[in-house]
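Chains as they are written, first to last, in our numbering: chain A, 1 to 226; chain B, 1 to 226.
I should point out that these hints are in silico values taken from the structure, not numbers from a laboratory.
One or more hints might be untrue.
Same chains, same label: a pair holds when it works inside one copy or across any pair of copies.
Below, in silico cross-link-like pairs of lysine-lysine (BS3-like), each with a Cα-Cα straight-line distance of 25 Å or less [said to hold, decoys possible]:
| hint | residue 1 | residue 2 |
| --- | --- | --- |
| 1 | Lys156 | Lys10 |
| 2 | Lys65 | Lys156 |
| 3 | Lys145 | Lys177 |
| 4 | Lys10 | Lys65 |
| 5 | Lys69 | Lys28 |
| 6 | Lys145 | Lys65 |
| 7 | Lys10 | Lys69 |
| 8 | Lys177 | Lys65 |
| 9 | Lys145 | Lys69 |
| 10 | Lys156 | Lys25 |
| 11 | Lys10 | Lys177 |
| 12 | Lys25 | Lys69 |
| 13 | Lys69 | Lys156 |
| 14 | Lys65 | Lys28 |
| 15 | Lys28 | Lys156 |
| 16 | Lys145 | Lys28 |
From a predicted model like this one, the values you see are computed outputs, not experimental measurements.
Number of protein chains: 2
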Amino acid sequence: MRVIFNEEMKAVADDLDRMAQDVSKAIKGAGAALLNSDVEAAQTVIDGDIEIDALESSVIDQCVKLLAKQNPVATDLRVVVSTIRLAATFERMGDLAKHVAETARRTYPQSALTDEARPVVEQMVAFLDTTADRLPAMLSDRDTKIAQQVILDDDKLDELHHQTFDIMLSDNYDGDKQHLIDLVLFGRFLERLGDHAVSAARRVVYIVSGFDPSKKPGPDEGTNID
Amino acid sequence: MRVIFNEEMKAVADDLDRMAQDVSKAIKGAGAALLNSDVEAAQTVIDGDIEIDALESSVIDQCVKLLAKQNPVATDLRVVVSTIRLAATFERMGDLAKHVAETARRTYPQSALTDEARPVVEQMVAFLDTTADRLPAMLSDRDTKIAQQVILDDDKLDELHHQTFDIMLSDNYDGDKQHLIDLVLFGRFLERLGDHAVSAARRVVYIVSGFDPSKKPGPDEGTNID
Numbered sequence: 001m002r003v004i005f006n007e008e009m010k011a012v013a014d015d016l017d018r019m020a021q022d023v024s025k026a027i028k029g030a031g032a033a034l035l036n037s038d039v040e041a042a043q044t045v046i047d048g049d050i051e052i053d054a055l056e057s058s059v060i061d062q063c064v065k066l067l068a069k070q071n072p073v074a075t076d077l078r079v080v081v082s083t084i085r086l087a088a089t090f091e092r093m094g095d096l097a098k099h100v101a102e103t104a105r106r107t108y109p110q111s112a113l114t115d116e117a118r119p120v121v122e123q124m125v126a127f128l129d130t131t132a133d134r135l136p137a138m139l140s141d142r143d144t145k146i147a148q149q150v151i152l153d154d155d156k157l158d159e160l161h162h163q164t165f166d167i168m169l170s171d172n173y174d175g176d177k178q179h180l181i182d183l184v185l186f187g188r189f190l191e192r193l194g195d196h197a198v199s200a201a202r203r204v205v206y207i208v209s210g211f212d213p214s215k216k217p218g219p220d221e222g223t224n225i226d
Numbered sequence: 001m002r003v004i005f006n007e008e009m010k011a012v013a014d015d016l017d018r019m020a021q022d023v024s025k026a027i028k029g030a031g032a033a034l035l036n037s038d039v040e041a042a043q044t045v046i047d048g049d050i051e052i053d054a055l056e057s058s059v060i061d062q063c064v065k066l067l068a069k070q071n072p073v074a075t076d077l078r079v080v081v082s083t084i085r086l087a088a089t090f091e092r093m094g095d096l097a098k099h100v101a102e103t104a105r106r107t108y109p110q111s112a113l114t115d116e117a118r119p120v121v122e123q124m125v126a127f128l129d130t131t132a133d134r135l136p137a138m139l140s141d142r143d144t145k146i147a148q149q150v151i152l153d154d155d156k157l158d159e160l161h162h163q164t165f166d167i168m169l170s171d172n173y174d175g176d177k178q179h180l181i182d183l184v185l186f187g188r189f190l191e192r193l194g195d196h197a198v199s200a201a202r203r204v205v206y207i208v209s210g211f212d213p214s215k216k217p218g219p220d221e222g223t224n225i226d
């Protein structure tokens, strides 16, 4: 049983790693699409979301079969249940990256960003590019140091998100209503990507240590502007 | 084993029913807070979210213990895994209701709504009040007819959400930038509440029938405006 469990769990872990890699690419692609009005990058992110959704279904199906056939307990059970929840988190991150890409595609060839908004959004995108690199690394190596860094750093993204509102509300703001609406929306999407990354990081810590670093579920931490 | 499973599953189901009732109250309270600038209703929703979060933790802990000790298979396993995912959905709905309530509290004693935005938001809130009534009913009775209705009706909420953008972008729009930002945000929160209700309804259908009415996960259906 033990050997079979390990083999089957390895197959699920490979799919979950692939999800993390796909999500990582989607985040970077969405950021590039937004900053550079790159409609091809946007389309790649939008089209790629189907694979992320399919991987989620596959991961969950495999986990349910594992639970039925292998009756894992203790750490093994913790891994399987956390894997189900991680797959849901990654699926949601793929959706959010797609939403950002859709905004970039909709405004093309114009940029969705005004000159005033651009610097802070560049910083949010740069922050999330770092997060995107960390996701597959923390997962495949079960690296709690990287996971802790993702959790600790999220305040910076929240602070940048707050700044988007300061910019919009300032008298000098140079955008029209559509720019304002778009900035509220993709500001929110980028901030939520960070929240979900924190949630994923917490699950990695939980898998490794059995300790849940928060009694509060991850995705809603941070900013309370909304 | 069978008797113990049923007893323990009943305890989890009771907690999940309570989550559905709490979420139902939160949705109604948030809508009332928003429409009537009712700061007490807002505070009740905000304070009540702690119980919803605690119930989620409790439900998931119980499910993990059930998986370890009872090794459920077939329908029983489907129920346990769906329960874990429903708890996560309800937790998220509680957060969204809290976000709406926080907006209402922040703008108090002013309303977050301009005269032009009010009618469509009233319709969104009325729609979600109906959804709020359906959630506990579909869950406790495992009523797939109600669940199907929740799934089918969601287009109406998406249509109302689209209208909020038409209103904001019209030349006659009477709000300032803060009103615009708030309307984008709580429009999004209300629409997401509907999406998560669809997701919950799909899981109820899946529990009862074993058939997942969508290969696409629920929370991201509907509008593509974002």
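Q: Give the relationship of lysine 145 and lysine 69 under a CA distance limit of 25 Å: within one copy only, between copies only, both, or neither.
A: Answer is neither: 33 Å inside a copy and 32 Å across each miss the 25 Å cutoff.
Q. Within a copy, between copies, both or neither: where do lysine 28 and lysine 156 come within 25 Å Cα-Cα?
A. For lysine 28 and lysine 156, only the intra-copy Cα distance (18 Å) is at most 25 Å; the inter-copy one is 34 Å.
Q. Within a copy, between copies, both or neither: where do lysine 145 and lysine 177 come within 25 Å Cα-Cα?
A. neither (42 Å within a copy, 41 Å between copies)
Q. Between the shortest in-copy and the shortest cross-copy C-alpha distance, which are at most 25 Å for lysine 10 and lysine 69: within, between, both, or neither?
A. Answer is both: 15 Å inside a copy and 24 Å across each meet the 25 Å cutoff.
Q: Have a look at lysine 156 and lysine 10 and pick one of within, between, both or neither, based on CA distance no larger than 25 Å.
A: Classified as neither: same-chain Cα gap 35 Å, cross-chain 43 Å, threshold 25 Å.
Q) When no copy is specified for lysine 177 and lysine 65, does a C-alpha distance of 25 Å or less occur within a copy, between copies, both, or neither? A) So lysine 177 and lysine 65 fail the 25 Å test inside a copy (50 Å) and across (52 Å) alike.
(Q) Treating 25 Å as the Cα threshold, decide for lysine 65 and lysine 156: within, between, both or neither. (A) Close neither inside one copy (40 Å) nor across copies (37 Å); limit 25 Å.
Q: Up to 25 Å between alpha-carbons, please classify lysine 10 paired with lysine 177: within, between, both or neither.
A: neither (50 Å within a copy, 51 Å between copies)
Q | Identical-chain pair category, lysine 65 with lysine 28, by Cα at 25 Å | A | neither (33 Å within a copy, 39 Å between copies)
Q) Can you tell me if lysine 156 and lysine 25 fall within 25 Å by alpha carbon in one copy, between copies, both or neither? A) within (22 Å within a copy, 34 Å between copies)
**Q.** Same-copy or cross-copy closeness of lysine 145 to lysine 28 [CA-CA at most 25 Å]
**A.** Classified as within: same-chain Cα gap 22 Å, cross-chain 42 Å, threshold 25 Å.
Q) Which holds for lysine 69 with lysine 28 at a C-alpha limit of 25 Å: within a copy, between copies, both or neither? A) neither (38 Å within a copy, 43 Å between copies)
Hint check: violations occur at hints 1, 2, 3, 5, 6, 8, 9, 11, 12, 13 and 14; the rest are consistent with the structure.
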